[in-house]
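These are the residues of each chain, in order.
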Amino acid sequence: MNIIVCIKQVPETTEVKINPETNTLIREGVKSIINPFDAYAIEEGVRLKEKFGAKATVITMGPPQAEAVLREAISLGIDDGILLSDRAFAGSDTWATSYALSAAIKKIGAFDLIVCGKQASDGDTAQVGPGISAHLDIPAVTYVKKIEEINPVRNTKAIIGEDKISNGVKDNFARVERMTEAGYEIIEVSLPALITVVKEINTPRLPSLKGMMRAKQAKIIHWKASDIEVELNFVGLAGSPTQVVKIFTPAPRVGGQMLKGETQEIVDRLVGLLKSDIP
Amino acid sequence: MAIKILLEKCTGCTLCVKACPFDAIRIMDKEGPPAGRQAVIDLNKCNLCGACVPACKFKAILLEKPQVLTGAKPDLKDYKGVWVFAEQKKGKVQPVVYELLGKARELAASLGADVSAVLLGEYLEEEIQELIWRGADKVYVVETRELANFQDEPYTNILVELIKKYKPEIVLCGATSIGRSLISRVAVKLRVGLTADCTGLDIDPERKILLQTRPAFGGNIMATIISPNYRPQMATVRHKVFPETQSDMKRKGKIIRENFDGPFLVSRSKLLDIVDEIESTVNLAEADIIVSGGRGMAGPENFKILEGLAKALGAAVGASRAAVDSDWIPYSHQVGQTGRTVSPKIYIACGISGQIQHLVGMQSSKIIVAINKDPDAPIFKVATYGIVGDLFEIIPALTKKFKEVLKR
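Residue numbers (this note's numbering), protein chains in the order written: chain S, 1 to 279; chain F, 1 to 408.
Source of the hints: derived by calculation from the structure; they are not laboratory data.
What you were told as hints is all true, and nothing was included just to trick you.
Cβ-Cβ distance ranges computed for the label pairs, FRET-style:
#1 T203/S x D42/F: 34 to 40 Å
#2 D204/F x Q264/S: 51 to 57 Å
#3 K51/S x E393/F: 49 to 55 Å
Ideal placement from N, C-alpha and C gives every residue a C-beta, glycine not left out.
Please model the entire structure based on the sequences and the hints provided.
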């Protein structure tokens with residue numbers, strides 16, 4: 001069984017502050033971390049690896065310093081790390097990013113499951129995961145909160161003619177729970193497939209000492225655009241259908257009024273203030 | 001394609017440094033004569049977003065804009081009309097669709113175009129009529145058993161096919177768990193731009209293109225995004241950003257039915273069951289009011305107090321990460337960076353200190369009420385109305401008063 005985990009290095013949002021004088025973002029000295037959602041993707045990849053003796057590979061696209069998050073993933077139990085880094089990729093939007101990552105995944109070779117975090121905390125788009133699955137033409141299930149069962153074994157004796165595909169699923173499959181607005185859905189998906197995961201799926205472990213040693217020594221594989229099969233027209237700023245035309249800082253929300261007095265007094269005032277906004 | 005500083009124009013004034021959201025620009029000594037200071041861009045950090053270009057008063061930054069791509073460029077003028085993907089669950093069109101229809105009407109008016117809804121499912125007769133009453137000039141309908149519930153692949157195949165056939169200029173979709181999954185696949189297949197979670201949509205009056213504004217970095221910055229060379233221009237929109245349109249039973253519209261079979265309906269995934277677990281009838285994403293509890297609730301049993309207030313108000317119950325991680329309430333209630341992003345009319349934060357991770361998930365709420373015993377809690381910095389006090393005293397009193405006033 002082969003598992004691929006896609007991750008992203010992001011600035012730690014908690015440290016992103018606004019300069020009150022210039023009303024701009026202070027990014028100086030802000031730490032770069034693994035996207036919080038990707039920690040659950042890594043953990044799920046490591047758990048599957050441990051359960052099935054699978055091989056788990058982590059991949060990221062980003063600048064050279066993104067190598068740090070790959071090493072961190074290895075310290076948590078992932079086998080190999082691949083860094084996809086090239087100036088040609090700079091400015092890629094979600095279309096171009098998912099295209100480049102899917103090309104790199106094709107180069108990795110056969111896989112059973114791709115695991116991504118639900119979204120990245122800097123862009124918040126949640127588009128790259130499903131985008132990769134579309135480029136690879138594999139099924140995807142988003143917002144997975146639990147893998148109920150996974151059977152990576154291909155049944156080579158599957159009877160041709162008994163059309164199992166049209167009603168859903170082949171022999172090698174995963175049954176997962178997908179979070180929705182009102183609860184969850186139970187979905188069976190044939191492998192290979194891509195899932196994006198939410199926080200509820202697991203509790204990420206801390207790196208072990210042995211893991212940290214291994215991560216330090218691990219050889220990270222570096223791929224440039226020329227190492228994978230991509231059309232250069234489809235990556236980077238020029239290959240991205242969307243363009244950012246303006247970036248601005250929203251007016252910061254300012255505190256309003258404090259209600260003071262005896263409890264009943266406060267409650268009466270608050271109810272009066274809110275009444276007209278209650279549908 | 002590249003970004004560069006024109007040394008002869010750069011004065012080292014630092015305006016670009018302040019404008020850069022990626023901390024990619026530094027001011028350094030100029031290398032050669034004449035001596036002076038200049039900006040240097042760290043290309044490993046630069047995302048080519050272009051925020052520095054207008055910030056520079058000396059026109060010293062040059063960003064080569066992307067050329068129109070090689071390959072088949074669609075004739076943009078062939079694409080007309082604004083489409084809304086009419087997400088349905090169990091045969092009911094979701095409220096976010098009616099929010100989008102209102103915005104779609106505005107956009108269509110600026111373009112002199114019409115508004116269409118696309119509805120996929122089974123047994124949808126009443127919903128088709130409702131979509132017309134709520135603002136659709138046309139409704140494209142595909143009804144078959146295989147589409148009764150959302151499935152990534154058949155829905156993608158059909159939406160892609162309909163878009164290729166009818167060529168809309170703009171396609172809007174709710175930023176729901178279904179919408180975000182579906183439309184990402186559709187955009188990849190069509191090789192078009194897609195902007196996620198927009199909070200603002202407008203038509204550029206001169207170029208007649210869609211200006212899509214969305215928050216990034218947890219709402220710390222806003223970006224306006226365009227996709228001028230591709231059609232349709234596609235965007236997802238969060239719940240509760242735009243008001244729902246009202247039903248006008250005098251409105252007339254055209255119904256266009258399409259049939260798909262065979263390969264279009266093949267799915268490699270299968271929905272086995274739908275489990276609704278939100279006990280109250282209100283879910284967070286669609287709630288007009290949310291009553292949310294944090295560490296200050298002190299234990300799982302105390303969430304009953306919040307449920308009482310929520311019931312009186314017809315509100316949903318939310319929670320901070322601290323409460324969820326203590327197992328006081330399930331994860332599906334979590335608001336914040338690793339939970340849901342919400343923007344209700346009223347958000348009542350009870351015993352929530354207001355860490356930045358929580359704030360990014362709720363600070364676009366219209367009115368924020370904060371109840372906390374710590375007067376220095378950061379939540380008060382964003383609260384419309386703040387109360388320093390004991391929530392175990394205040395919330396029951398509030399519930400009682402609301403019941404009286406609202407007569408519920």
